[in-house]
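S.K.: Letter by letter, the chains look like this.
Protein chains: 2
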Amino acid sequence: MRRWNGWGDEATVVELPAHGQGFLESRIGAGQVLVDASLEQVLAKVLASRLPAHPLVSVEAEVRVRHARGQSLPDWLAMRSGEFGVFPDGVALPETAAQIRELLVWAQQHDVVVIPYGGGTSVAGHINPRDGLRPVLTLSLARMSQLLEIDEQSLIATFGPGANGPQVEAQLRAKGYTLGHFPQSWELSTLGGWVASRSSGQQSLRYGRIEQLFAGGKIETFAGTLEIPTFPASAAGPDLREMILGSEGRFGIISEVKVRITRLAEEEKFYAVFLPSWSQALAAIRSLVQARVPLSMLRLSNAIETETQLALAGHPEQIALLEKYLAFRGARAGKCMLTFGVTGNRQQNALSIKQAKRLLKGFGGVFTGTLLGKKWAENRFRFPYLRHGLWEAGYAVDTLETATDWANVDHLLNQVEDSLRNALSAEGEQVHVFTHLSHVYGEGSSIYTSYVFRPAASYAQTLARWSKLKHAASLAIVNNRGTISHQHGVGRDHAPYLPVEKGEQGIAALKALSRHFDPDQRLAPGVLLED
Amino acid sequence: MRRWNGWGDEATVVELPAHGQGFLESRIGAGQVLVDASLEQVLAKVLASRLPAHPLVSVEAEVRVRHARGQSLPDWLAMRSGEFGVFPDGVALPETAAQIRELLVWAQQHDVVVIPYGGGTSVAGHINPRDGLRPVLTLSLARMSQLLEIDEQSLIATFGPGANGPQVEAQLRAKGYTLGHFPQSWELSTLGGWVASRSSGQQSLRYGRIEQLFAGGKIETFAGTLEIPTFPASAAGPDLREMILGSEGRFGIISEVKVRITRLAEEEKFYAVFLPSWSQALAAIRSLVQARVPLSMLRLSNAIETETQLALAGHPEQIALLEKYLAFRGARAGKCMLTFGVTGNRQQNALSIKQAKRLLKGFGGVFTGTLLGKKWAENRFRFPYLRHGLWEAGYAVDTLETATDWANVDHLLNQVEDSLRNALSAEGEQVHVFTHLSHVYGEGSSIYTSYVFRPAASYAQTLARWSKLKHAASLAIVNNRGTISHQHGVGRDHAPYLPVEKGEQGIAALKALSRHFDPDQRLAPGVLLED
Numbered sequence: 001m002r003r004w005n006g007w008g009d010e011a012t013v014v015e016l017p018a019h020g021q022g023f024l025e026s027r028i029g030a031g032q033v034l035v036d037a038s039l040e041q042v043l044a045k046v047l048a049s050r051l052p053a054h055p056l057v058s059v060e061a062e063v064r065v066r067h068a069r070g071q072s073l074p075d076w077l078a079m080r081s082g083e084f085g086v087f088p089d090g091v092a093l094p095e096t097a098a099q100i101r102e103l104l105v106w107a108q109q110h111d112v113v114v115i116p117y118g119g120g121t122s123v124a125g126h127i128n129p130r131d132g133l134r135p136v137l138t139l140s141l142a143r144m145s146q147l148l149e150i151d152e153q154s155l156i157a158t159f160g161p162g163a164n165g166p167q168v169e170a171q172l173r174a175k176g177y178t179l180g181h182f183p184q185s186w187e188l189s190t191l192g193g194w195v196a197s198r199s200s201g202q203q204s205l206r207y208g209r210i211e212q213l214f215a216g217g218k219i220e221t222f223a224g225t226l227e228i229p230t231f232p233a234s235a236a237g238p239d240l241r242e243m244i245l246g247s248e249g250r251f252g253i254i255s256e257v258k259v260r261i262t263r264l265a266e267e268e269k270f271y272a273v274f275l276p277s278w279s280q281a282l283a284a285i286r287s288l289v290q291a292r293v294p295l296s297m298l299r300l301s302n303a304i305e306t307e308t309q310l311a312l313a314g315h316p317e318q319i320a321l322l323e324k325y326l327a328f329r330g331a332r333a334g335k336c337m338l339t340f341g342v343t344g345n346r347q348q349n350a351l352s353i354k355q356a357k358r359l360l361k362g363f364g365g366v367f368t369g370t371l372l373g374k375k376w377a378e379n380r381f382r383f384p385y386l387r388h389g390l391w392e393a394g395y396a397v398d399t400l401e402t403a404t405d406w407a408n409v410d411h412l413l414n415q416v417e418d419s420l421r422n423a424l425s426a427e428g429e430q431v432h433v434f435t436h437l438s439h440v441y442g443e444g445s446s447i448y449t450s451y452v453f454r455p456a457a458s459y460a461q462t463l464a465r466w467s468k469l470k471h472a473a474s475l476a477i478v479n480n481r482g483t484i485s486h487q488h489g490v491g492r493d494h495a496p497y498l499p500v501e502k503g504e505q506g507i508a509a510l511k512a513l514s515r516h517f518d519p520d521q522r523l524a525p526g527v528l529l530e531d
Numbered sequence: 001m002r003r004w005n006g007w008g009d010e011a012t013v014v015e016l017p018a019h020g021q022g023f024l025e026s027r028i029g030a031g032q033v034l035v036d037a038s039l040e041q042v043l044a045k046v047l048a049s050r051l052p053a054h055p056l057v058s059v060e061a062e063v064r065v066r067h068a069r070g071q072s073l074p075d076w077l078a079m080r081s082g083e084f085g086v087f088p089d090g091v092a093l094p095e096t097a098a099q100i101r102e103l104l105v106w107a108q109q110h111d112v113v114v115i116p117y118g119g120g121t122s123v124a125g126h127i128n129p130r131d132g133l134r135p136v137l138t139l140s141l142a143r144m145s146q147l148l149e150i151d152e153q154s155l156i157a158t159f160g161p162g163a164n165g166p167q168v169e170a171q172l173r174a175k176g177y178t179l180g181h182f183p184q185s186w187e188l189s190t191l192g193g194w195v196a197s198r199s200s201g202q203q204s205l206r207y208g209r210i211e212q213l214f215a216g217g218k219i220e221t222f223a224g225t226l227e228i229p230t231f232p233a234s235a236a237g238p239d240l241r242e243m244i245l246g247s248e249g250r251f252g253i254i255s256e257v258k259v260r261i262t263r264l265a266e267e268e269k270f271y272a273v274f275l276p277s278w279s280q281a282l283a284a285i286r287s288l289v290q291a292r293v294p295l296s297m298l299r300l301s302n303a304i305e306t307e308t309q310l311a312l313a314g315h316p317e318q319i320a321l322l323e324k325y326l327a328f329r330g331a332r333a334g335k336c337m338l339t340f341g342v343t344g345n346r347q348q349n350a351l352s353i354k355q356a357k358r359l360l361k362g363f364g365g366v367f368t369g370t371l372l373g374k375k376w377a378e379n380r381f382r383f384p385y386l387r388h389g390l391w392e393a394g395y396a397v398d399t400l401e402t403a404t405d406w407a408n409v410d411h412l413l414n415q416v417e418d419s420l421r422n423a424l425s426a427e428g429e430q431v432h433v434f435t436h437l438s439h440v441y442g443e444g445s446s447i448y449t450s451y452v453f454r455p456a457a458s459y460a461q462t463l464a465r466w467s468k469l470k471h472a473a474s475l476a477i478v479n480n481r482g483t484i485s486h487q488h489g490v491g492r493d494h495a496p497y498l499p500v501e502k503g504e505q506g507i508a509a510l511k512a513l514s515r516h517f518d519p520d521q522r523l524a525p526g527v528l529l530e531d
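For the record, the sequence lines run as chains A and B. Note that UniProt numbering numbers the first sequence so that position 482 is 482, with each residue one more than the last. Note that UniProt numbering numbers the second sequence so that position 185 is 185, with each residue one more than the last.
Be aware that a few hints might be false.
Said to hold, decoys possible - Residues from chain B that face chain A, not an exhaustive set, calculated with beta carbons under 10 Å:
(1) 197
(2) 215
(3) 224
(4) 233
(5) 239
(6) 290
(7) 332
(8) 348
(9) 373
(10) 377
(11) 486
(12) 508
(13) 516
(14) 517
(15) 520
(16) 521
Keep in mind that the hints were calculated from the coordinates and are not lab data. Where is the CB? At the ideal position from N, CA and C, for every residue including glycine.
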């Protein structure tokens, strides 16, 4: 059963190992445990729905609670405290595009706000209903998760928009294919959500971002259905796919998604390498990607993340041995862990590994074989569960991310880390901050920063701490040539910062499109574009 | 000196060899030579400009003639007959973005239509002034062709929008870089034009289309400057670059272009392989690209194009020897020539060649080494000059192109070829039609079809023949799931066919953007979107 107030399945528990707890205590002090609300307490707060009856709409309290919030830290605090504020007035679970269109007409007739809902994994406030006079319908695509068609010549698969990561991969793997899109939210997030929020997967180096995978589909708008045909490429005017990618539900509801798929590869391997310093590591990863060595994944942890990962790994004796070996080979304090993957045919992989190893050795890289790489692959979707383990130990964790050109990566990374490290200094609180680069391009890199801080004495004060942290980091990003999101989208949390990068003209053009598609501003209002 | 009534530099002459003329005569009959107009005759037809004086605007007759038409076949016939119809009232040659903005304000004050002009190489009627009450200003970016900045860490170069292919490459190569964008129009077409019309280069397999190369820049609109910052990737809402790519001047004038560049490769080689039949060749090229062998170029001629190229090559004895060798190895009548390229480091290239050879041999491929590949590379920009040689021999040649998914490539190719082959049958005229696939993707391929026909007794009748051919092929494309353009853009010639692929909702959204950026419909009216 999916947790109503946290991440993933209740059966999966990831605890903070004792050694990890000691590590955090030494960095930011003893944890502060807050008391959680029960589901019963929350259900008691759900007001009567303002929606008229509709056969496709559930107004049941628990359904409304389970669709009220995403997975941002404010969402987490709301769910843990039970202070949700607003619930949707109802949840629709259509099974066909025709039913989506019917619900849109109905919403118009009854002046209802509609929030499209995929896996409910937004970390930027995409799906939270706002307080207002108009009732709110959350429209979940969960029942539209089928693989509808495969074109095995053109390698295109047609899916319902509500297929989540495991549903996508299971249906494709049964026929020998993969989409190759593995965001960390993969267990719960959906194809439609990936498209709407411009998601990126951990192996985007091979498979591309969702922008490269999304081949076409259907979008239900208030003006009618926008159908985007598939072409391998086209010069016939602006690309309509790119209008929908990142539209975050503001222009319409995606009812069908066609994606580019790949035959399952002959071989896949992941390796870990330690670089003696951040400056060498940064130069190495840039060289690797600019040399176009055909790797499928590259991820570089900075020194503090490397230290934190080893501390939180939970096998102190094994880690001590590893550290000893690395020190002997020249990777001591300040070392940075780089994980890379190859996916493809054996000959090609062998050459890629050989070229990567040669290049990395030139930067002092120390190889540790495939064990740590395998561990990374096994645990790639477990990090979100760790929020529970940390919370129970009295720590709050959040992540944020951006991307920038190589010439600016180090500067921006430092600005973001410093902004977080200092955000609570007026309260005398330490923040533990660490970063990795996980999506690299010839032009630059994503920057993914995690920060651990202590909850305050109350939920409201804890939220205030988060707001300070988030605002400081968001300003650091947009004031230093970073994008406000590389992979999480804009939602409501990032919308205030979007105008810095889109500019006055860019925002005006997007608003013109929003008014064109949705004259009554009924779809996910406040998301992406502030009112 | 650039030709005023045809392609390229006057010093470059490509004649039709005698053998080639015989080949065409055997296919479609003896040529029909029409008499060309002289520049003096055309100059005498230029009416007085309706524009008020402006220091940046030339109203000189010859300048207006030289900016009146592109390179489509109707443009060719207009230039050859001297029947231009409409000339721009003046040509502006701004040197800065500020001057572009000044000209836009001036155009608004005096109710002037503005046509952005790059290299004047459109083959779809992008730059032709229309008859109308408002005077027409053609705004050429030719004086804004400098490399302004290189970020060597992020591999981003900033150019003026008017830099043409040789200017781009010369300025980059001096520093060890390449853009790698080589459309057939490369000698004359410009960076700004490539962006505005979604161009694709011959080595897009390695370097990507202009969509992948365009990193950001500035666009001058009537509402102000739209500045698009560079990010390696972003999830912050719809991508504004994609709004400008393919906008064909309808939303604004590109005043600065930032592109992703690449260090010059260690090695580049091209090979020719002959496949015994079209069906084997088609299967082979699809396998190659879907196997993700890192090649930099793939081009497959169908049997008639292969035959035509060998006939027009002009060395009958050498070709006879080649044919003998190929026949001995199993590639006889119906054989198809495939050219492929590798660009990169030697080790990687060696593996790519090995894998490509092995795969192609499985489809009956016969290798001929690098000589024909070298010839292709040497002559890659000469094909447009051949229009002159053919014209002087009494033949008209035109090309058109589309793209579709692999499952549909053979069907669409046949539909397009048949539509052209039969378009003049009521007049009893034969049309010589041949095709290649030049841009291949995992999902599908471009289809590039050339057709040679005889001019009629007059220019007007010749244009009528072309209209029949073009309309038949355009209908065949959009009625059979092809895009109306893979690399040439929409312009005015393809605009009537665009609604089939964009749909009612798609066209309405693009029109909303056009009205947003250009409320008076002053920029390139009729281009991309019909009035």
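S.K.: Hint by hint, note whether the structure agrees.
M.R.: A quick look at each hint next to the structure:
Contact between residue 197 of chain B and chain A, as hinted, is supported at the beta carbon level, the nearest pair being about 6 Å apart and thus within 10 Å. Given the 10 Å rule on beta carbons, the hint for residue 215 of chain B holds: about 6 Å separates it from the nearest Cβ of chain A. With a cut of 10 Å, the hint placing residue 224 of chain B at the interface with chain A holds, because the nearest CB-to-CB distance is about 6 Å. This hint holds: residue 233 of chain B has a C-beta 6 Å from the nearest C-beta of chain A, less than the 10 Å allowed.
At its closest, the beta carbon of residue 239 of chain B sits 5 Å from a beta carbon of chain A; the interface hint therefore holds under the 10 Å criterion. Using the Cβ-Cβ criterion of 10 Å, the hint placing residue 290 of chain B at the interface with chain A is satisfied: the shortest such distance is roughly 7 Å. Interface hint status for residue 332 of chain B: violated, as the beta-carbon distance to the closest one in chain A is roughly 27 Å, over 10 Å. For residue 348 of chain B, the interface hint holds, the least distance from its beta-carbon to any beta-carbon of chain A being 7 Å, beneath 10 Å.
This hint is violated: residue 373 of chain B has a C-beta 22 Å from the nearest C-beta of chain A, more than the 10 Å allowed. Checking residue 377 of chain B against chain A by beta carbon gives a least distance of about 21 Å; that is not within 10 Å, so the hint is violated. Given the 10 Å rule on beta carbons, the hint for residue 486 of chain B holds: about 6 Å separates it from the nearest Cβ of chain A. Satisfaction of the interface hint for residue 508 of chain B is found here, the shortest Cβ-Cβ separation to chain A being roughly 7 Å, below the 10 Å cut-off.
Interface hint at residue 516 of chain B: satisfied, since its Cβ lies 4 Å from the closest Cβ of chain A, which is below the 10 Å cut-off. Contact between residue 517 of chain B and chain A, as hinted, is supported at the beta carbon level, the nearest pair being about 7 Å apart and thus within 10 Å. At about 16 Å, the closest approach between the beta carbon of residue 520 of chain B and any beta carbon in chain A exceeds 10 Å, and the interface hint on this residue is violated. Against a cut-off of 10 Å between C-beta atoms, the interface hint on residue 521 of chain B is violated, since the closest Cβ of chain A lies about 15 Å away.
Violation of the numbered hints given earlier is confined to hints 7, 9, 10, 15, 16; the remaining hints are satisfied by the structure.
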